[in-house]
Amino acid sequence: MNKKNQNNKSSYIEQINNPNTSQAHKLYLLTHYKRLKRIRFLQILIIISFIAFWEIATYFKIIDSFVFSSPSRFIKTFIKMSMDGSIFYHTGITLSETFLSFAIVVVVGILIAVLLWWNDSIAKVVEPYLVVLNSLPKSALAPVFIVWLGNNMKTIIVCAVSVAIFGNIINLFTAFNEVEEGKVKLIRTLGGNKKDILVKVILPSNIPVIISNMKVNIGASLVGVIIGEFLAAKAGLGYLIIYGSQVFQLDLVIMSVVILCIVATGLYQLLALFERKYT
Amino acid sequence: MGERLVIDNISYSYHNLDGETLAIKDLSFKVAESEFVAIVGPSGCGKSTLLSLIAGLIKPSSGSIYINESSKPLKNTNTNELIGVDNKNNIKEKSPGNKIGYMLQTDQLLDWRTTFENVTLGLEIQDKLTNEIYETIEELLNTYGLRSFKNAKPSELSGGMRQRVALIRTLVLEPDILLLDEPFSALDYQTRLEVADDIWTIIRKEQKTALLVTHDISEAVSMADRIIVLTGRPATIKSIVDIKLTIDDKTPFRARSAPEFKDYFNLIWKELEH
Ligand SMILES: Nc1ncnc2c1ncn2[C@@H]1O[C@H](COP(=O)(O)OP(=O)(O)O)[C@@H](O)[C@H]1O
Ligand SMILES: [Mg+2]
Numbered sequence: 001m002n003k004k005n006q007n008n009k010s011s012y013i014e015q016i017n018n019p020n021t022s023q024a025h026k027l028y029l030l031t032h033y034k035r036l037k038r039i040r041f042l043q044i045l046i047i048i049s050f051i052a053f054w055e056i057a058t059y060f061k062i063i064d065s066f067v068f069s070s071p072s073r074f075i076k077t078f079i080k081m082s083m084d085g086s087i088f089y090h091t092g093i094t095l096s097e098t099f100l101s102f103a104i105v106v107v108v109g110i111l112i113a114v115l116l117w118w119n120d121s122i123a124k125v126v127e128p129y130l131v132v133l134n135s136l137p138k139s140a141l142a143p144v145f146i147v148w149l150g151n152n153m154k155t156i157i158v159c160a161v162s163v164a165i166f167g168n169i170i171n172l173f174t175a176f177n178e179v180e181e182g183k184v185k186l187i188r189t190l191g192g193n194k195k196d197i198l199v200k201v202i203l204p205s206n207i208p209v210i211i212s213n214m215k216v217n218i219g220a221s222l223v224g225v226i227i228g229e230f231l232a233a234k235a236g237l238g239y240l241i242i243y244g245s246q247v248f249q250l251d252l253v254i255m256s257v258v259i260l261c262i263v264a265t266g267l268y269q270l271l272a273l274f275e276r277k278y279t
Numbered sequence: 280m281g282e283r284l285v286i287d288n289i290s291y292s293y294h295n296l297d298g299e300t301l302a303i304k305d306l307s308f309k310v311a312e313s314e315f316v317a318i319v320g321p322s323g324c325g326k327s328t329l330l331s332l333i334a335g336l337i338k339p340s341s342g343s344i345y346i347n348e349s350s351k352p353l354k355n356t357n358t359n360e361l362i363g364v365d366n367k368n369n370i371k372e373k374s375p376g377n378k379i380g381y382m383l384q385t386d387q388l389l390d391w392r393t394t395f396e397n398v399t400l401g402l403e404i405q406d407k408l409t410n411e412i413y414e415t416i417e418e419l420l421n422t423y424g425l426r427s428f429k430n431a432k433p434s435e436l437s438g439g440m441r442q443r444v445a446l447i448r449t450l451v452l453e454p455d456i457l458l459l460d461e462p463f464s465a466l467d468y469q470t471r472l473e474v475a476d477d478i479w480t481i482i483r484k485e486q487k488t489a490l491l492v493t494h495d496i497s498e499a500v501s502m503a504d505r506i507i508v509l510t511g512r513p514a515t516i517k518s519i520v521d522i523k524l525t526i527d528d529k530t531p532f533r534a535r536s537a538p539e540f541k542d543y544f545n546l547i548w549k550e551l552e553h
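Read top to bottom, the protein sequences are chains A and B.
FYI, my numbering numbers position 250 of the first sequence as 250, with every residue one higher than the one before it.
FYI, my numbering numbers position 193 of the second sequence as 472, with every residue one higher than the one before it.
Bear in mind the hints are in silico, worked out from the structure with no lab data behind them.
Any given hint could be a false lead.
As the list claims (entries may be wrong) - One-sided excerpt, in silico: chain B residues whose CB lies under 8 Å from chain A:
| # | residue |
| --- | --- |
| 1 | 307 |
| 2 | 308 |
| 3 | 311 |
| 4 | 336 |
| 5 | 385 |
| 6 | 419 |
Stated by the list, open to error - Counterexamples of contact, computed for chain B against chain A with all Cβ distances above 12 Å:
| # | residue |
| --- | --- |
| 7 | 387 |
| 8 | 412 |
| 9 | 496 |
As the list claims (entries may be wrong) - In silico DSSO-like cross-links for lysine-lysine, where the CA-CA straight-line distance does not exceed 27 Å:
| # | chain 1 | residue 1 | chain 2 | residue 2 |
| --- | --- | --- | --- | --- |
| 10 | A | 183 | A | 124 |
| 11 | B | 549 | A | 185 |
| 12 | A | 194 | B | 432 |
| 13 | A | 183 | A | 80 |
| 14 | A | 183 | B | 523 |
| 15 | A | 183 | B | 541 |
| 16 | A | 234 | A | 80 |
The structure presented is a predicted model; accordingly, all values stated were derived computationally and were not measured.
Idealized CB from N, CA, C, for every residue including glycine.
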């Protein structure tokens with residue numbers, strides 16, 4: 001969607017500057033872009049009013065800033081934690097756990113999907129297990145992982161991987177099998193074996209699917225990491241949220257949630273950028 | 280001139296859970312070197328199955344297929360082995376791409392590869408990419424009007440160009456026999472006539488033995504030296520018609536105005552009717 005918008009924008013400027021563009025068409029374009037601007041304006045207005053209302057309501061004690069925190073309070077907390085660097089430490093921990101889980105999910109997901117594609121019997125056998133594991137709420141497993149793996153980063157990574165990997169495998173495997181039969185026949189007519197089908201057709205034709213899955217996986221990995229940090233961590237944004245709520249420091253909780261929003265958006269945009277570049 | 284291809288009493292059945300489908304029954308014929316043979320028959324009679332058998336993608340349930348006489352028969356020796364693909368030892372020995380070039384119904388160009396990379400696909404698979412071959416490819420692309428589209432993606436090519444790329448992809452593997460499975464059926468009528476002319480000329484120029492499956496009688500009469508008419512499923516031979524057109528400087532397009540064209544057309548038409 002983003003790609004489309006960008007193309008639209010450059011093509012818009014091009015069309016407006018083009019002397020051959022008719023007046024009627026220019027008018028159409030202008031109306032269109034006015035509407036887009038209005039939408040953006042409303043979006044920004046909503047967030048600003050929300051923050052302003054929150055700040056004013058706590059300032060005039062309409063709502064209790066001890067329970068609900070307030071923009072000025074969590075920003076103050078942020079500044080304080082930036083000074084001693086601790087917020088960067090915690091964000092860094094969460095980010096590195098997320099990237100590590102994401103890498104495992106992507107690589108292992110592709111490997112297993114390839115294995116299932118390669119061997120139809122294995123695929124048939126494990127299919128019901130995959131479906132069950134995929135629909136199981138992974139937060140239910142997190143306590144089990146702690147018991148098995150201990151109160152450490154291993155648990156967090158396993159937890160995050162378990163959130164994302166089953167869906168990833170199922171999606172990739174389905175996409176691998178949807179490759180046009182004619183393309184597979186082509187490779188065979190050219191004398192290729194199964195490995196050639198995989199390398200020349202299945203993988204390259206599924207690069208867009210793999211990348212769009214990565215967008216989902218990075219989000220799912222972050223969710224898994226936070227679940228893991230809630231239960232088994234001494235650092236990270238999930239840890240800050242749980243710790244803050246236990247000691248009733250809502251400023252800390254809200255600030256961590258806001259940073260989490262930014263991190264989640266940033267990661268998604270990073271992958272979207274990657275997608276635009278490679279598809 | 281020797282026989283390029285001998286089909287000796289082959290039968291083939293498909294097996295699936297709904298039952299068994301006998302697609303080809305006791306079929307025999309021969310194709311001589313540099314001969315252009317067309318195969319016509321009702322749809323679903325087993326024409327594509329026949330080409331897959333010749334290409335070695337599937338093995339006959341009984342009977343043998345000989346290519347270049349000296350070759351070993353492509354016989355079904357191992358019933359467990361359904362298709363050659365899974366059997367790596369088998370592939371090297373009689374890789375279908377070696378002797379047989381197979382042009383599928385649709386061009387099946389890979390979207391993410393350029394014209395050039397599509398042409399080299401078979402060579403990559405067979406590990407035959409050499410500097411000389413690069414030159415051959417350049418020449419072929421120039422000869423068949425694709426020079427400026429060498430680095431274009433398939434989506435930028437017209438239907439006729441795509442079909443020519445598919446043909447060159449097959450030809451660079453230097454097959455002894457070319458199998459063409461309704462290669463023009465995805466094209467509109469105008470393009471179809473043009474591409475048929477192009478491809479026929481290319482095949483003649485390269486002196487390839489060709490087996491063309493089509494359901495278009497005019498196409499068969501205009502292109503082939505001989506037409507094999509098949510019965511409905513299971514495919515057996517209904518009749519074989521030699522085509523001799525009195526026309527100078529034959530191309531499929533000009534062949535259509537030969538005086539005998541109409542008679543042949545009617546003959547084949549009748550054969551297919553009953
Ligand atoms: N994989 C398959 N399994 C079962 N039956 C098949 C299969 N492929 C083709 N057939 C059947 O075999 C017959 C011949 O098919 P095909 O060779 O594709 O016909 P044609 O190319 O002459 O139209 C058809 O009736 C078709 O239904
Ligand atoms: Mg067919």
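Does the structure keep residue 183 of chain A and residue 523 of chain B at a Cα separation of 27 Å or less?
Outside the cut-off at roughly 37 Å; violated.
Are residue 194 of chain A and residue 432 of chain B close enough, with their CA atoms no more than 27 Å apart?
25 Å, holds
Between residue 183 of chain A and residue 124 of chain A, is the straight-line Cα distance small enough, at 27 Å or below?
23 Å, holds
With d taken as the least Cβ-Cβ distance between residue 387 of chain B and chain A, does d exceed 12 Å?
4 Å, violated
Is it correct that the beta-carbon of residue 496 of chain B has no partner in chain A closer than or equal to 12 Å?
Holds, because the least Cβ-Cβ distance between residue 496 of chain B and chain A comes to about 26 Å, which exceeds 12 Å.
Run the distance test for residue 183 of chain A versus residue 541 of chain B: straight-line Cα separation, threshold 27 Å.
38 Å, violated
Is it true that the CA of residue 549 of chain B sits at most 27 Å from the CA of residue 185 of chain A?
Violated. Residue 549 of chain B to residue 185 of chain A sits at ~34 Å, over the 27 Å cutoff.
With 8 Å as the cut and Cβ atoms as the points, is residue 308 of chain B at the interface with chain A?
21 Å, violated
Answer holds if the nearest beta-carbon of chain A is closer than 8 Å to that of residue 307 of chain B; otherwise answer violated.
24 Å, violated
Can we keep the residue 336 of chain B interface hint, with Cβ of chain A closer than 8 Å?
6 Å, holds
Closer than 8 Å between Cβ atoms is the bar; does residue 385 of chain B clear it against chain A? Give me holds or violated.
The hint holds - residue 385 of chain B has a Cβ within 8 Å of chain A, the shortest such distance being about 6 Å.
Please settle this one: residue 412 of chain B was flagged as non-interface, so is its CB more than 12 Å from every CB on chain A?
14 Å, holds
Violated hints for the displayed structure, listed by number in ascending order: 1, 2, 3, 6, 7, 11, 13, 14, 15.
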